[in-house]
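Visitor: Note that UniProt numbering has the sequence shown beginning at 1, numbered continuously upward.
It is possible that some hints are incorrect.
Claimed, not checked - Distance condition first, Cα-Cα at most 27 Å in a straight line; then the derived DSS-like pairs of lysine-lysine:
hint	residue 1	residue 2
1	K165	K207
2	K32	K130
3	K309	K296
4	K130	K47
5	K242	K296
6	K8	K279
7	K249	K207
8	K309	K224
What the hints assert, rightly or not - With beta-carbon atoms standing in for the labels, derived distance ranges:
hint	residue 1	residue 2	range
9	K275	P99	47 to 57 Å
10	A202	K224	24 to 34 Å
11	E206	W251	21 to 31 Å
12	A202	K322	28 to 38 Å
13	Y96	K224	43 to 53 Å
14	K317	Y101	43 to 53 Å
Rather than coming from a laboratory, the hints here were simulated on the basis of the structure. In this text, a Cβ means the ideal position worked out from N, Cα and C, and glycines have one as well.
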Amino acid sequence: MDFFYYFKSRQGEMIRLLKDIVGHESPSGEKKAVDACSSYVIDELKKTGAKITRFPQKELGAFHLAEYPSSDLKEKKEQILILTHIDTVWPVGKIYKMPFYVSENKVFGPGVLDMKASLVMAIYSFKALKELNIQPKKKIAVFINSAEEIGSDISNDTIRDLSRKADYVLCLEPALPGGALKIQRKGRIVIRLEAKGKAAHAGTPEKGINAIDELMQQLDRIHKLEIKDTTINTAMIGGGEKPNIVAEKAWAILDIRFWEKIQKEKLVTYMKQLKPILKGAKIKFSIESSTPPMEKTEASADLLIEVRKIASSLNMKLDTGKAGGGSDASIASSLGIATLDGLGPDGEGIHAENEHLILSSLIERTALLTEILIQL
Numbered sequence: 001m002d003f004f005y006y007f008k009s010r011q012g013e014m015i016r017l018l019k020d021i022v023g024h025e026s027p028s029g030e031k032k033a034v035d036a037c038s039s040y041v042i043d044e045l046k047k048t049g050a051k052i053t054r055f056p057q058k059e060l061g062a063f064h065l066a067e068y069p070s071s072d073l074k075e076k077k078e079q080i081l082i083l084t085h086i087d088t089v090w091p092v093g094k095i096y097k098m099p100f101y102v103s104e105n106k107v108f109g110p111g112v113l114d115m116k117a118s119l120v121m122a123i124y125s126f127k128a129l130k131e132l133n134i135q136p137k138k139k140i141a142v143f144i145n146s147a148e149e150i151g152s153d154i155s156n157d158t159i160r161d162l163s164r165k166a167d168y169v170l171c172l173e174p175a176l177p178g179g180a181l182k183i184q185r186k187g188r189i190v191i192r193l194e195a196k197g198k199a200a201h202a203g204t205p206e207k208g209i210n211a212i213d214e215l216m217q218q219l220d221r222i223h224k225l226e227i228k229d230t231t232i233n234t235a236m237i238g239g240g241e242k243p244n245i246v247a248e249k250a251w252a253i254l255d256i257r258f259w260e261k262i263q264k265e266k267l268v269t270y271m272k273q274l275k276p277i278l279k280g281a282k283i284k285f286s287i288e289s290s291t292p293p294m295e296k297t298e299a300s301a302d303l304l305i306e307v308r309k310i311a312s313s314l315n316m317k318l319d320t321g322k323a324g325g326g327s328d329a330s331i332a333s334s335l336g337i338a339t340l341d342g343l344g345p346d347g348e349g350i351h352a353e354n355e356h357l358i359l360s361s362l363i364e365r366t367a368l369l370t371e372i373l374i375q376l
């Protein structure tokens, strides 16, 4: 079957679906908006006969699992898990400042690349399998996260559980610019550092202990740590009450990125050994969130070989590269599951107002995804 032709002939309706999904704005923290967008996407998946499992959440939007229907589902032991997310970084109303539009071979709009086009890919792959009456060799499930852009803390356990049941995990995050897959991703840990001192009048500072001074000296030491390939960003900071009071409390939020798990372990070990610098001060840290790195594994390397063979049969070449940001693929990969990331469309401007995808890559990647689901 020529899936390029199949999806190219449906390009217009794919664009219309993408426009509708982008129009349903879904910022991570807006439960009502995310649930409305999810409802629209789930209705489309139900049309393919997909079995839907809903994971309701109290404060954030629900996440969902869509399983492709199969007459011999119980007979199939192996499974492919597809990871997507429906939440975006853009607030409700951004669509009026960043309207959806198509210009030549580019499609613009908030969340169009990261990653609502990937939802269209999953929907149309399911549609193709149904319309052509093709039964894949393995079970296929699509997970739609609602909190990926804010770290996936509420969905991490679900992703781990689903990944453990899978033989292969395919993440439809956007490709690297140029179309390369992502075979390595930085891990991330967000740390809150808190200093406590003693309040006093600013005219007699010797009677107090300045928590801000303690915090700044601690931050200076942390930034001077020599841990290979690790970046430390002081993202937020606060403390003190008034100009004429020696600060009793101060805090900072650090966003720390690393390529290997051992780098995180070195950093956490250092934080656990923190001692006050100023006499009488107190210092403590806590981990706000943590995402593992996506490291190279033998299982993922073997999967890449197979996917490259499938791509080659479609006259496609798949390059690979690294990404500094995290994704849900890192969670699956950290469990030793064969995982590939960046299987979504090509484009540029993630989290920027020029966010756009390359339209031809939407067709190409949907064709590739469908072939992968059939051939793996």
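Visitor: Take the hints in turn and mark each one as holding or not.
Guide: A quick look at each hint next to the structure:
1. K165 x K207: Outside the cut-off at roughly 61 Å; violated.
2. K32 x K130: Given pair K32, K130 is violated - Cα atoms ~31 Å apart, limit 27 Å.
3. K309 x K296: This hinted pair holds, its Cα atoms lying about 19 Å apart.
4. K130 x K47: holds (10 Å)
5. K242 x K296: Given that 27 Å is the threshold and the Cα spacing comes to 50 Å, the pair is violated.
6. K8 x K279: violated (70 Å)
7. K249 x K207: OK: K249 and K207 at ~15 Å, within 27 Å.
8. K309 x K224: violated (46 Å)
9. K275 x P99: 47 to 57 Å: About 55 Å separates the Cβ atoms of K275 and P99, which means 47 to 57 Å holds.
10. A202 x K224: 24 to 34 Å: holds (29 Å)
11. E206 x W251: 21 to 31 Å: At 24 Å between Cβs, range holds.
12. A202 x K322: 28 to 38 Å: For K322 against A202, whose Cβ atoms are near 49 Å apart, the range 28 to 38 Å is violated.
13. Y96 x K224: 43 to 53 Å: holds (46 Å)
14. K317 x Y101: 43 to 53 Å: violated (30 Å)
Consistency note: the structure conflicts with the earlier hints numbered 1, 2, 5, 6, 8, 12, 14.
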